[in-house]
Amino acid sequence: MSPVDDSVKGMAERVKTGQISAQSLVSSCFQYIRQVEPKVHALLAHDEELAMEKARALDRLPLSERRELRLAGIPLVVKDNLVTEDLDTTAGSRILEGFRSPYTASVVKRAEEQGAIVVAKSNLDEFGMGSSTEHSVYGPTMNPWDFSRVPGGSSGGSAAAVAAGMAPLALGSDTGGSIRQPAAFCGIVGIKPTYGRVSRYGLIAYASSLDQVGPLARTVEDTALLLQVISGHDPLDATSAQMPVPDYLAQLDRPLQGLRVGVPREYFGDGIDANVKMVVEDVLERLKQEGVSMVEIDMPHTQYAVAAYYLLAPAEASSNLSRFDGVRYGLRVPAGDLRTLYQRTRAQGMGDEVRRRVLLGTHVLSAGYYDQYYVRAQKVRALIRRDFERAFEQVDLVVTPSAPELPFALGSRADDPMKMYLSDICTVTANLAGLPALSVPAGFESGLPVGIQWIGPAWSEDLLLRVGRMVERVVVRPPWPKL
Amino acid sequence: MRLSKEIVDHVADLAQIRLKGEERERVASELSRVLEYVAILDGADIEGVEASWHGPRASVTRMDAPRPSLTRAQALANAPKVREGMFQIPRILGEGEEG
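Quick mapping for you: the protein sequence lines, in order, are chains A and B. Residue 3 is where the first sequence starts when you use my numbering, and the numbers rise one by one after that. Residue 84 is where the second sequence starts when you use my numbering, and the numbers rise one by one after that.
Some hints could be false.
To be verified - In silico DSS-like pairs for lysine-lysine, Cα to Cα no more than 27 Å straight-line:
{"id": "1", "chain 1": "A", "residue 1": "K484", "chain 2": "A", "residue 2": "K111"}
{"id": "2", "chain 1": "A", "residue 1": "K421", "chain 2": "B", "residue 2": "K164"}
{"id": "3", "chain 1": "A", "residue 1": "K279", "chain 2": "A", "residue 2": "K421"}
{"id": "4", "chain 1": "B", "residue 1": "K88", "chain 2": "A", "residue 2": "K111"}
{"id": "5", "chain 1": "A", "residue 1": "K421", "chain 2": "A", "residue 2": "K11"}
{"id": "6", "chain 1": "A", "residue 1": "K111", "chain 2": "A", "residue 2": "K11"}
If you're looking for bench data, these hints aren't it; they were derived computationally from the structure. Since the structure is predicted, the reported quantities are computational estimates derived from the model, not experimental observations.
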């Protein structure tokens, strides 16, 4: 049975007061993982003995110290592109097989300082590049609601682990939708924070101007709790903001009066599955009855978002991934000269999709193409940001589906990169504009989860979470899958 | 625009990724398809638009002060090949040597 039987707050409370021990929580978590992991394949490195040792240390803390820990004894799954000293970090790539980082990502440290126990690293598309978790050298992850379908990606391991009940909380990263789309596909909650809200120190960089780390959980409240713990300035990440972090939990149930929501036509038209649209519109209808006003708006540059993203993200990736060269860490394919060593190491160490993006990014940055592709995409990025600025003059938030389709069948698009890229059509705009965006379950269609996405102005995570909480109240959700 | 094999070779060379014969074909057609798709951007009116290089936050600086960092042993711990406390690579001057 899944050890996740209560809210994170409730579980931590029981650990704090000694009603249950962290050891029994962590041990039941591993017991359950052994049972369901072979069906889901959400996890990579784990070390039960070490996790139990940490749980024991937590149980031995004096009550006065233990009660200060917001995540006392809570099992946590960490996407495998966040480096950890205690467990190998592979980023789903052969080039980092067996890599043990000499330091731990700031977000993981913060969660551990609050009593969270990392039980495993989670599967992902190699270096975060993909929308299905099929581009992992360690094999695909299955969707817990239907094993023949993908869990989304790239944080598919994190999302599937939470939906399967292996752990109540997971950390993911989101460059073009990699938290929100898998959250939607797995019927859970995920938020990509405002760029700069959460430290990227220790996140293996894919596209540095777009990447953000964020939480995945079963409820908005659990999501808010983990976001609270990981948010805030980190001197080790120059792009993390020196902005005060509001108390997300305290505000969660503050009533929302006179809320105005923008419904952009561009996100409800061509390319969006009719069933997904129906489920999302049904939620909007119910929210109207709760007094939320819906305003149809235009965001005319949305049509350019995927194209701009697939120029900018690969361009940044081509630079970021140049560090994987067989010299300082990771795979090395020996050769007689340095150039051949680089070329063979990178050819053998990187999977198809990663090579594709590195080559694409290299091309669009190369002499003669830079203005045509890269500079143009940066200008379009400014236009997309302007669409949001204009929208937020009229409305408080913008609502869209989280993904254009239901979770698709494993293997159905692995060979069609362009079709895979279009899975990100609803989510890339928030990354391009640096805005926070939350995906919450909107309902089910044919037994498969559908997510609804809320995008807000910079630093409006508190508002997004409050709306998410409201959505939870109007959506009826089925029991979690029995695995 | 269809990418020529010459361009693919040039890009692979810049990216330091060795492509085999049949891979060059495939990469050329996959990248061409993406470039065909991104041509949609030609329709965007970017006249007079400032490029947006950053997220919502401008670049920030910090004091250039020394601070603790990895020890040499930690920094070298993952290196495939180490010699006398340094990363070892094949000889780049003179005769080649197994790296």
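| request: For the pair we were handed, B:K88 and A:K111, check the Cα-Cα distance against 27 Å. | output: Violated - the C-alpha atoms of A:K111 and B:K88 are around 47 Å apart, more than 27 Å.
| said: Next pair to validate is A:K421 with A:K11; report whether the Cα-Cα distance is within 27 Å. | reply: 40 Å, violated
| Would the pair A:K484 and A:K111 pass a check requiring their Cα atoms to be no farther apart than 27 Å? | 32 Å, violated
| Between A:K111 and A:K11, is the straight-line Cα distance small enough, at 27 Å or below? | Distance of about 19 Å is within 27 Å: holds.
| said: A:K421 and B:K164 were given as a pair; does the straight-line alpha-carbon distance stay at or below 27 Å? | reply: 41 Å, violated
| said: Check whether the Cα positions of A:K279 and A:K421 lie no farther apart than 27 Å. | reply: 19 Å, holds
The earlier numbered hints that this structure contradicts are 1, 2, 4 and 5.
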